[in-house]
Amino acid sequence: MSVFQHEYRPYEGPTTPLWKRPVVLARYGLAEAWGSKITIGLAVLALLPCLVELVLMYLADNPLAKMLVVGNSKVLEINERFFFNLLEVQSWFALVLAAWIAPRLVSFDLGDNAMPILLSHPISRFGYVLGKFIALVLSLSYVTWIPLLLLFVYQCYASPVPWAVGHLGVAFGLFTGALVWIVVLSLVCLAVSSWVKWRVVATGAIFAVVFVPAGVGGMVSAILRTRWGFLLNVPVVMSELWMRLLGVPPFGNPMFWFPNIAIVSVLVVTSLLCVAVLNARIRAREVVRG
Amino acid sequence: MTDLIRTVQQQPWSLWWIQFRRFARIEIRRNLITKRAWWIYFLAFVPAVIIFIHLIVDRHQPSSMTEDTNILAGIVQLYYVRLGVFFGCLGIFSRLIRGEMIERSLHYYLLSPVRREVILLAKFFAGSVSAVVLFGVALTFDFVLMYIGYGGAGQDFMLHGAGPGQFEAYLLIMVLACLGYGSLFLMLSLMFRNPMPGALLLWGWEAINPVMPSLLQKFSVASYLRHLMPVSVPAEGIFALLTVETEPVAAWVAVIGLLALIAVVLIYCCIRMRRLEIRYTTD
Numbered sequence: 485m486s487v488f489q490h491e492y493r494p495y496e497g498p499t500t501p502l503w504k505r506p507v508v509l510a511r512y513g514l515a516e517a518w519g520s521k522i523t524i525g526l527a528v529l530a531l532l533p534c535l536v537e538l539v540l541m542y543l544a545d546n547p548l549a550k551m552l553v554v555g556n557s558k559v560l561e562i563n564e565r566f567f568f569n570l571l572e573v574q575s576w577f578a579l580v581l582a583a584w585i586a587p588r589l590v591s592f593d594l595g596d597n598a599m600p601i602l603l604s605h606p607i608s609r610f611g612y613v614l615g616k617f618i619a620l621v622l623s624l625s626y627v628t629w630i631p632l633l634l635l636f637v638y639q640c641y642a643s644p645v646p647w648a649v650g651h652l653g654v655a656f657g658l659f660t661g662a663l664v665w666i667v668v669l670s671l672v673c674l675a676v677s678s679w680v681k682w683r684v685v686a687t688g689a690i691f692a693v694v695f696v697p698a699g700v701g702g703m704v705s706a707i708l709r710t711r712w713g714f715l716l717n718v719p720v721v722m723s724e725l726w727m728r729l730l731g732v733p734p735f736g737n738p739m740f741w742f743p744n745i746a747i748v749s750v751l752v753v754t755s756l757l758c759v760a761v762l763n764a765r766i767r768a769r770e771v772v773r774g
Numbered sequence: 197m198t199d200l201i202r203t204v205q206q207q208p209w210s211l212w213w214i215q216f217r218r219f220a221r222i223e224i225r226r227n228l229i230t231k232r233a234w235w236i237y238f239l240a241f242v243p244a245v246i247i248f249i250h251l252i253v254d255r256h257q258p259s260s261m262t263e264d265t266n267i268l269a270g271i272v273q274l275y276y277v278r279l280g281v282f283f284g285c286l287g288i289f290s291r292l293i294r295g296e297m298i299e300r301s302l303h304y305y306l307l308s309p310v311r312r313e314v315i316l317l318a319k320f321f322a323g324s325v326s327a328v329v330l331f332g333v334a335l336t337f338d339f340v341l342m343y344i345g346y347g348g349a350g351q352d353f354m355l356h357g358a359g360p361g362q363f364e365a366y367l368l369i370m371v372l373a374c375l376g377y378g379s380l381f382l383m384l385s386l387m388f389r390n391p392m393p394g395a396l397l398l399w400g401w402e403a404i405n406p407v408m409p410s411l412l413q414k415f416s417v418a419s420y421l422r423h424l425m426p427v428s429v430p431a432e433g434i435f436a437l438l439t440v441e442t443e444p445v446a447a448w449v450a451v452i453g454l455l456a457l458i459a460v461v462l463i464y465c466c467i468r469m470r471r472l473e474i475r476y477t478t479d
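Sequences listed follow chains A and B, in order. Throughout, the working numbering is defined as the position within the first sequence, counted from one, plus 484. Throughout, the working numbering is defined as the position within the second sequence, counted from one, plus 196.
Be aware that one or more of the hints could be misleading.
Some chain B residues near chain A, calculated using beta-carbon distances under 7 angstroms [unchecked claim]:
1) VAL242
2) PRO243
3) ILE246
4) ILE267
5) ILE271
6) LEU286
7) ILE298
8) MET387
9) ASN390
10) LEU396
Rather than coming from a laboratory, the hints here were simulated on the basis of the structure. Where is the CB? At the ideal position from N, CA and C, for every residue including glycine.
Throw the hints in and build the complete structure from the sequences for me.
See below:
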């Protein structure tokens, strides 16, 4: 086709810096994720355990109230185990929230064959995934390390005895443990959402990807009489990691006490698998079925 | 009463039967012979692969046969019923109606001169056949591979001992699990645009059901199936403390109870199907 107009000139104005471009996608991703009433409902629900724990902390830190409610019992003791339990509960809520949000971030783009248009903009495939990843990480932070650290700060303030200095490791453990879970969970959810493509199916598939390997791991351990099968159980592996990060004395089934290198290897391999899936699926192509 | 019988007899049953068979055949082919179904094959056959490795790698001492029997019971009760069959049926039965809506192909069926109930029941039948065939064959592999390593003692157990009874019970559990979960997922896919939250709530309900009061335990597929288990698998850890033991229910009561639940759900699905409207712009 002939081109009659030769007036085209490349854009010479200011451009968005390279590092800022994924932030644009993250901003739209956040708007998409939090535009749903179900997301808001889940987020509110996820904060209820924190509210309950806050009341318990108040009771534990108030000698009079504590005496009235539990007497001299040590039931209400705010220690590493207390925050460990809370971290576990919040992480389950993070899984539910991620299973709802992640498909909204990715599946629409893939399902509607929008990737060629999106990637024709000045943004790389890495930038696209990073933008969605940031949106998911920020959303999950809201129900994990942010409320947990706020509770930690409250405990430091309200404790009748000096507490903060002796428990700084708990704060570090809460932040690191939650962050590791958020990163792994975000990668898993984005990978599954990009693989499955249908939003309706992706939510169920995320749960299946977390829990079916756990069941398979249990079977491997039972049938082959080995404890290493439990390494496929991501919730168990994460619980072990959190216990060590928070300095909780080991409890529960000794079969789950894995060496640190095994736990780290599982998480790294899982993350690399997810990156490989994202690399394979996030491409500027359109699938047309005849 | 006579009028009712006459009306029933006047219906074109032979035509409906032909339509039912054709629809079912198409759906079975779509469910079983497709690359998209690989993950359902994985869910069904992964225990068989692990047991096969056990057969090759481990030595089979006669004393460990009881332990293997308990492990097989655990696989059926904890893996198949709670994970494998659950997620497999979720994939198969959610796709029957909701999947067609997403692919924007359901209106072809609805525009054809076929009663909607026939379409729905044919789809349910096809989904059930697919699930039962897959998980039934997988269970047969599991059972044979688990005991074949014990040589003569294993063969004797499978053919003459307690084996045949246990195998029949497991097969019955598998069939009922496929039908029960299948009917519920079909209903959820007819009721909601996104059936997954409902399905996951059901999954959570089934998981915590053993610690519920006995009255609430009746509203669960897994609780009926638990009464049919030939070898009971006790709960461990904190769940063992919280588990509420209900009175044992006769096998026939459990089977009829579950079949009644399936029938009620299917009748409701037929009613929903008659009123089904598709708006692809919103769906």
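Taking the hints in turn, this is what the structure says about them:
1. For the restraint placing B/VAL242 at the interface with chain A, the shortest Cβ-Cβ distance is roughly 6 angstroms, inside the 7 angstroms limit, so the hint holds.
2. Interface restraint check for B/PRO243: the shortest CB-CB distance to chain A comes to about 6 angstroms, inside 7 angstroms, so the restraint holds.
3. Because the beta carbon of B/ILE246 sits about 5 angstroms from the nearest beta carbon in chain A, less than 7 angstroms, this interface hint is met.
4. The criterion of a C-beta within 7 angstroms of any C-beta in chain A is met by B/ILE267, whose closest approach is roughly 5 angstroms, and the hint holds.
5. A distance limit of 7 angstroms between C-beta atoms decides the matter here; for B/ILE271 the minimum to chain A is near 6 angstroms, and the interface restraint holds.
6. Checking B/LEU286 against chain A by beta carbon gives a least distance of about 6 angstroms; that is within 7 angstroms, so the hint holds.
7. Interface restraint check: B/ILE298 against chain A, minimum CB-CB distance 6 angstroms, threshold 7 angstroms, status holds.
8. A distance limit of 7 angstroms between C-beta atoms decides the matter here; for B/MET387 the minimum to chain A is near 13 angstroms, and the interface restraint is violated.
9. The restraint placing B/ASN390 at the interface with chain A holds, with a minimum CB-CB distance near 5 angstroms, inside the 7 angstroms limit.
10. Because the beta carbon of B/LEU396 sits about 6 angstroms from the nearest beta carbon in chain A, less than 7 angstroms, this interface hint is met.
Hint 8 from the earlier list is the only one contradicted by this structure; the remaining hints agree with it.
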